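> Below are the chains, spelled out letter by letter.
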Amino acid sequence: QKEVEQDPGPLSVPEGAIVSLNCTYSNSAFQYFMWYRQYSRKGPELLMYTYSSGNKEDGRFTAQVDKSSKYISLFIRDSQPSDSATYLCAMSNQAGTALIFGKGTTLSVSS
Amino acid sequence: EAQVTQNPRYLITVTGKKLTVTCSQNMNHEYMSWYRQDPGLGLRQIYYSMNVEVTDKGDVPEGYKVSRKEKRNFPLILESPSPNQTSLYFCASSLSASGQPLLEAFFGQGTRLTVV
Chain A
1 QKEVEQDPGP
11 LSVPEGAIVS
21 LNCTYSNSAF
31 QYFMWYRQYS
41 RKGPELLMYT
51 YSSGNKEDGR
61 FTAQVDKSSK
71 YISLFIRDSQ
81 PSDSATYLCA
91 MSNQAGTALI
101 FGKGTTLSVS
111 S
Chain B
1 EAQVTQNPRY
11 LITVTGKKLT
21 VTCSQNMNHE
31 YMSWYRQDPG
41 LGLRQIYYSM
51 NVEVTDKGDV
61 PEGYKVSRKE
71 KRNFPLILES
81 PSPNQTSLYF
91 CASSLSASGQ
101 PLLEAFFGQG
111 TRLTVV
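If you read the sequences in order, they're chains A and B.
3 is the number that my numbering gives to position 3 of the first sequence; each next residue is one higher, with no gaps.
34 is the number that my numbering gives to position 34 of the second sequence; each next residue is one higher, with no gaps.
Pulled out of the complex, with its shape left as it was, chain B reads as follows:
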């Protein structure tokens, strides 16, 4: 089954404790991205990757890091989480190639993160 898998689904952590949210896709997609979804603000892009070792900032990258060492995986790293990073996070992947419009993105189930 084609899917984007995120782990964990739920996470409660304390301020400053480094954490990683994993994302894996089995569709051989080149494009992957992370979004956060907040009430009243909608979905906002954090980082994206057009291919292995190619990553770039989205609209809200502060406090986050990513890496793309393999095509299927795109982990999101919070080195020193703060309460304002409490949010619902989604990983997405797409067949979209560089320079082509981004149409169908496949989203994971989401990771609900609470930072206390």
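The following block holds chain A by itself, in its conformation from the complex:
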């Protein structure tokens, strides 16, 4: 079983839709959970991170962590064509030496 599982999609939605992106993980020791966004032909960039369980909101983006289910989510409200990208969930290993990434979900928002 992979440490981090993420449905690769692709996911296509119309502009203005609410998007839900999800990951599951197997290592209960993970405590820091991140979402990176990767545009085509670019490197990943950090969108937001959360510590332990709970929600965190940043503008149109909300990250949610449920440690009891080992499940994390990223919600995008009022999606825009500029949100079209690959979204990668990631977790820090305990030693702080590596990010463990999901395979990424490719999102396309049409106008």
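It cannot be assumed that every hint is accurate.
[What the hints assert, rightly or not] Taking lysine to any residue pairs in the SDA-like style, the calculated list, with each CA pair at most 20 Å apart, reads:
| # | chain 1 | residue 1 | chain 2 | residue 2 |
| --- | --- | --- | --- | --- |
| 1 | B | Lys57 | A | Glu3 |
| 2 | B | Lys71 | A | Tyr49 |
| 3 | B | Lys18 | B | Gly99 |
| 4 | A | Lys56 | B | Glu104 |
| 5 | B | Lys71 | B | Tyr10 |
| 6 | A | Lys42 | B | Arg44 |
| 7 | A | Lys42 | B | Arg112 |
| 8 | B | Lys57 | A | Gln94 |
| 9 | B | Lys57 | B | Asp38 |
| 10 | A | Lys42 | B | Lys57 |
| 11 | A | Lys67 | A | Val109 |
| 12 | A | Lys70 | A | Lys42 |
| 13 | A | Lys42 | B | Gly42 |
[Stated by the list, open to error] Chain B side only, calculated, beta carbon under 8 Å to chain A, not exhaustive:
| # | residue |
| --- | --- |
| 14 | Tyr48 |
| 15 | Pro75 |
| 16 | Gln109 |
Keep in mind the hints are simulated off the structure, nothing from the lab.
Given the structure is predicted, the values throughout are model-derived calculations rather than measurements.
The beta carbon of each residue, even a glycine, is placed where N, CA and C say it ideally should be.
Please build the complex by placing chain B on the supplied structure of chain A, with the hints as guidance.
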């Protein structure tokens, strides 16, 4: 501007011909790392460095070497490239200190390597 710079962006080479991909960061970060990204496999760590002269293997180190002689530079060396090293490579750096969680990593633009 804070950035991680990789060169070259694109490279086509032949099997067995040694090559180096350079990586430089201007943020005075102690942590640097190399990842490769492959379809269906995602991003996998090759090597990382917590500081000058301190390097260690990641998940997929076979066929690669690194060095960290200066804080800002972390080159990736393929001494005898093979076709299975055809991939998209990313260098990353972070403020993360030893023993602290790795949160925000800054990635370069990527190097697309093709080995024929």
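> Each of the hints needs a verdict: does it hold here or not?
Tested hints:
1. B:Lys57 x A:Glu3: 18 Å, holds
2. B:Lys71 x A:Tyr49: 26 Å, violated
3. B:Lys18 x B:Gly99: 34 Å, violated
4. A:Lys56 x B:Glu104: Holds. A:Lys56 to B:Glu104 sits at ~16 Å (cutoff 20 Å).
5. B:Lys71 x B:Tyr10: This hinted pair is violated, its Cα atoms lying about 25 Å apart.
6. A:Lys42 x B:Arg44: With a Cα-Cα distance of about 16 Å, the restraint between A:Lys42 and B:Arg44 holds, given a limit of 20 Å.
7. A:Lys42 x B:Arg112: 11 Å, holds
8. B:Lys57 x A:Gln94: 16 Å, holds
9. B:Lys57 x B:Asp38: Given that 20 Å is the threshold and the Cα spacing comes to 19 Å, the pair holds.
10. A:Lys42 x B:Lys57: 25 Å, violated
11. A:Lys67 x A:Val109: 30 Å, violated
12. A:Lys70 x A:Lys42: Violated - the C-alpha atoms of A:Lys42 and A:Lys70 are around 29 Å apart, more than 20 Å.
13. A:Lys42 x B:Gly42: Holds: A:Lys42 and B:Gly42 sit about 14 Å apart, inside 20 Å.
14. Tyr48: OK, holds: B:Tyr48 within 8 Å of chain A, min 6 Å.
15. Pro75: 17 Å, violated
16. Gln109: 6 Å, holds
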